[in-house]
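Listed here are the chains, written in short residue letters.
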Amino acid sequence: MSSLGTGYDLSASQFSPDGRVFQVEYAIKAVENSSTAIGLRCKDGVVFGVEKLVQSKLHQSSANRRIFHIDRHIGMVVSGLLPDARKVLDFARGEAQAYRRKFDDGIPLKLLAERVALTMHGYTLYSHVRPFGCSVILSAYSEHTGPEMYMVDPSGVSWGYHGCAMGKAKQQAKTELEKVKLSSITCEQLVKEVAKIIYVVHDEVKDRDFLLELSWVCAASSGRHELVPQKVY
Amino acid sequence: MEMNGSAVVAMVGKDCVAIAADRRFGVQAQTVSCDFQKIFPMGDRVFVGLTGLATDIITVSQRLKFRSNIYKLKEHRELSPKTLTAVISNLLYERRFGPYFCEPIVAGVDSTTGKPYISGCDLIGCPVEPADFVVAGTSTDQLFGMCEAVWKPDLAPEELFETISQAILSAVDRDALAGWGAIVHIIEKDGVTTRTLKGRMD
Chain Y
1 MSSLGTGYDL
11 SASQFSPDGR
21 VFQVEYAIKA
31 VENSSTAIGL
41 RCKDGVVFGV
51 EKLVQSKLHQ
61 SSANRRIFHI
71 DRHIGMVVSG
81 LLPDARKVLD
91 FARGEAQAYR
101 RKFDDGIPLK
111 LLAERVALTM
121 HGYTLYSHVR
131 PFGCSVILSA
141 YSEHTGPEMY
151 MVDPSGVSWG
161 YHGCAMGKAK
171 QQAKTELEKV
181 KLSSITCEQL
191 VKEVAKIIYV
201 VHDEVKDRDF
211 LLELSWVCAA
221 SSGRHELVPQ
231 KVY
Chain L
1 MEMNGSAVVA
11 MVGKDCVAIA
21 ADRRFGVQAQ
31 TVSCDFQKIF
41 PMGDRVFVGL
51 TGLATDIITV
61 SQRLKFRSNI
71 YKLKEHRELS
81 PKTLTAVISN
91 LLYERRFGPY
101 FCEPIVAGVD
111 STTGKPYISG
121 CDLIGCPVEP
131 ADFVVAGTST
141 DQLFGMCEAV
151 WKPDLAPEEL
161 FETISQAILS
171 AVDRDALAGW
181 GAIVHIIEKD
191 GVTTRTLKGR
201 MD
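Heads up: the protein sequence lines correspond to chains Y and L, in order. Under this note's numbering, the first residue of the first sequence carries the number 1, and numbering increases by one thereafter. Under this note's numbering, the first residue of the second sequence carries the number 1, and numbering increases by one thereafter.
Keep in mind that a hint or two might mislead.
The list that follows gives simulated cross-link-like pairs (lysine to any residue, SDA-like), each with its CA atoms no further than 25 Å apart [to be verified]:
no., chain 1, residue 1, chain 2, residue 2
1, L, Lys74, Y, Gly122
2, L, Lys74, Y, Tyr26
3, Y, Lys102, L, Glu158
4, L, Lys72, Y, Gln97
Just so you know, the hints here were simulated from the structure itself, not pulled from any lab data. Bear in mind the structure is a predicted one, so any value in this text is a computation, not a measurement.
Chain Y on its own, in the form it takes in the complex (with noise of 0.2 Å):
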């Protein structure tokens, strides 16, 4: 696997003889070893769940959060290299505040996806600084536009989804996610059916103890992001 790129894929701005960029695709990997991390969209909002692996038990439960808040409205999930994914976040939240000193109003998710998408890629044009190890999706939810989720990996695609999934066990979440009936399920009902995902695929031998943190942002939440409350678990 490493003898493939030799050469050509020392710098981001170099690419092979068969047309692939390999730092990006390394960035690539590099989130894939991140445990695992999934979005589910629903009629009537959007769930993350995210299985926060314990790397010590000396290690603060709250610490090390995935799931972050980006304006009222959005929610994000990170996977890959955490530092690499503050910046984005920062950035993101930026972006956020911007457009809201402009227009006095929330960015609207598919713009604030461009955004993040294009910065991201970037990052992937020049040979002085490295793509980001971290993909991101991002959610909103409003009453005229309904759930919307958006994913971005370090090669700065970004694409709508019903449901993905990132990480570790991206595959093992995939296949699982496609069981769901997305377009009759409400988000109450599709924070259990996520948990349960979660719960699935992680893998007991590898990684022992492990940490869920959810998200939603839907009606019943009134187009905020938050953490579920306890209640609903």
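Assemble chain L onto chain Y, guided by the hints.
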């Protein structure tokens, strides 16, 4: 601000708004034109009326149209009147220490909710969103007086037209720098009616 002269007024009615402006363009005492446009459409149901220095009226309306067009292309929807107010405010405040000598009025009907909306700003972008009427220009004192006297809440579109026409014509008659005819737009959810008023041409 008293170089060219202008008068713009907007009023809220029942599920409609009206915005009216005079048509004079002059250089102090000398009238140069009596068909100068001061109200500009920024969408199907949103209008912006600008007063003050004529060159700034032209520039601000052009820059605003640009921002409005970009917004429409990016977001596939039109600027709502409330958001337009925020955009204007931002545009004017960018020039806080060398401002456009221009005071805008926004009038429109929100295309999603159908609610009528008016607002006004000062030349550096401080917005005000009253429920009844907004005035701007060289005849603000006269316009305030007229509006306070004739405005009532929940006027139907036809009544609102009569009311705003009386207000602007009487007000500009007492102002040397504004007048020479007037134009009135009545904006409702279903459409916009534009009428030109014949006033004293002096």
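Verify the proposed pairing of lysine 74 of chain L with tyrosine 26 of chain Y, using a straight-line Cα cut of 25 Å.
With a Cα-Cα distance of about 33 Å, the restraint between lysine 74 of chain L and tyrosine 26 of chain Y is violated, given a limit of 25 Å.
25 Å limit on alpha-carbon distance, applied to hinted pair lysine 102 of chain Y and glutamate 158 of chain L:
Answer violated: lysine 102 of chain Y to glutamate 158 of chain L is near 36 Å, above 25 Å.
Pair hint lysine 72 of chain L and glutamine 97 of chain Y, alpha-carbon separation not exceeding 25 Å
Since the Cα atoms of lysine 72 of chain L and glutamine 97 of chain Y sit roughly 20 Å apart, the hinted pair holds (cutoff 25 Å).
Can the restraint linking lysine 74 of chain L and glycine 122 of chain Y be considered satisfied, given a maximum Cα separation of 25 Å?
holds, 20 Å
Of the numbered hints listed earlier, those contradicted by the structure are 2 and 3.
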